[in-house]
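Peer 1: Use the sequences and the hints to build the structure in full.
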Amino acid sequence: MRTAPLRVYVETSVFGGVFDDEFRERSSVFFEHMHRRAFVMVVSDVVVRELAGAPSRVRVLGEEMLPLAEVVPVTQEALALRDAYLSAGVLPPPASNDALHIALATVSGCGMIASWNFKHIVNYRRIPRFNAVNALNGYPGIMIHSPLEIIGNEDETETL
Numbered sequence: 001m002r003t004a005p006l007r008v009y010v011e012t013s014v015f016g017g018v019f020d021d022e023f024r025e026r027s028s029v030f031f032e033h034m035h036r037r038a039f040v041m042v043v044s045d046v047v048v049r050e051l052a053g054a055p056s057r058v059r060v061l062g063e064e065m066l067p068l069a070e071v072v073p074v075t076q077e078a079l080a081l082r083d084a085y086l087s088a089g090v091l092p093p094p095a096s097n098d099a100l101h102i103a104l105a106t107v108s109g110c111g112m113i114a115s116w117n118f119k120h121i122v123n124y125r126r127i128p129r130f131n132a133v134n135a136l137n138g139y140p141g142i143m144i145h146s147p148l149e150i151i152g153n154e155d156e157t158e159t160l
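Going by the numbering used here, the first residue of the sequence shown is number 1, and it counts up by one from there.
Source of the hints: derived by calculation from the structure; they are not laboratory data. By construction, the Cβ of each residue, glycine as well, lies at the ideal position given by its N, Cα and C atoms. Check each hint, because a few of them may be wrong.
Quick list of simulated restraints, FRET-style, between CB atoms [as the list claims (entries may be wrong)]:
1. Pro93 with Ala4: 35 to 41 Å
2. Pro140 with Gln76: 18 to 24 Å
3. His35 with Arg59: 14 to 20 Å
4. Val60 with Tyr124: 31 to 37 Å
5. Arg57 with Leu136: 23 to 29 Å
6. Thr3 with Pro92: 33 to 39 Å
7. Phe118 with Ser56: 21 to 27 Å
8. Ser96 with Val71: 17 to 23 Å
9. Ala4 with Arg129: 24 to 30 Å
10. Ala38 with Ala132: 27 to 33 Å
Peer 2: As structure tokens, this is what we get:
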């Protein structure tokens, strides 16, 4: 029996990572995986809005990739979960859009979030707290990783 590909919410920083010296290679490989449909790419109205305000080359990449993505809307359910993260102190109020990314991924049923935002999203102290708030609100936990962690090192040979 073949399982469906994992739904991965792609946060805005991954698009910008393609043009960052530190993240360029792994971000590009990550998007190659998306082109091959190794994962179901999910973005939100928030990502679309953030891409619209990004530098032109990031915007162009977004325009190229968005036809491959499922775009989820901001809902009252997601806003309520975002507010729960903020109320629990998982993130400070100025990072409410980052909390909204986590909430949107969670309520839309994604199994994982891809991000290069290590301060607010891919953060070992915050991830268990996001998942604790999810559990308290009746949602499953969500995996949060950088594109590097998701795609691994393609030069490595995996042994079982």
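Peer 1: Would you mind marking each hint as holding or not holding in the structure?
Peer 2: Here's how the hints hold up against the structure:
Checked against the given bound of 35 to 41 Å, the beta carbons of Pro93 and Ala4, roughly 36 Å apart, stay inside it. Between Pro140 and Gln76 the Cβ separation comes to about 20 Å, which falls inside the hinted range of 18 to 24 Å. For the pair His35 and Arg59, the beta carbons lie near 18 Å from each other, so the given range of 14 to 20 Å is met. At roughly 33 Å, the beta-carbon separation of Val60 and Tyr124 lies within the given 31 to 37 Å, and the hint holds.
Range check, Arg57 to Leu136: Cβ separation about 41 Å, and the 23 to 29 Å hint is violated. Remark: the range hint 33 to 39 Å for Thr3 to Pro92 is upheld by a beta-carbon distance near 38 Å. Against the hinted window of 21 to 27 Å, the Cβ-Cβ separation of Phe118 and Ser56 comes to about 25 Å, which satisfies the hint. Between Ser96 and Val71, the C-beta spacing of about 20 Å keeps the proposed range 17 to 23 Å intact.
For the pair Ala4 and Arg129, the beta carbons lie near 29 Å from each other, so the given range of 24 to 30 Å is met. For the pair Ala38 and Ala132, the supplied restraint of 27 to 33 Å holds, since their beta-carbon distance comes to about 30 Å.
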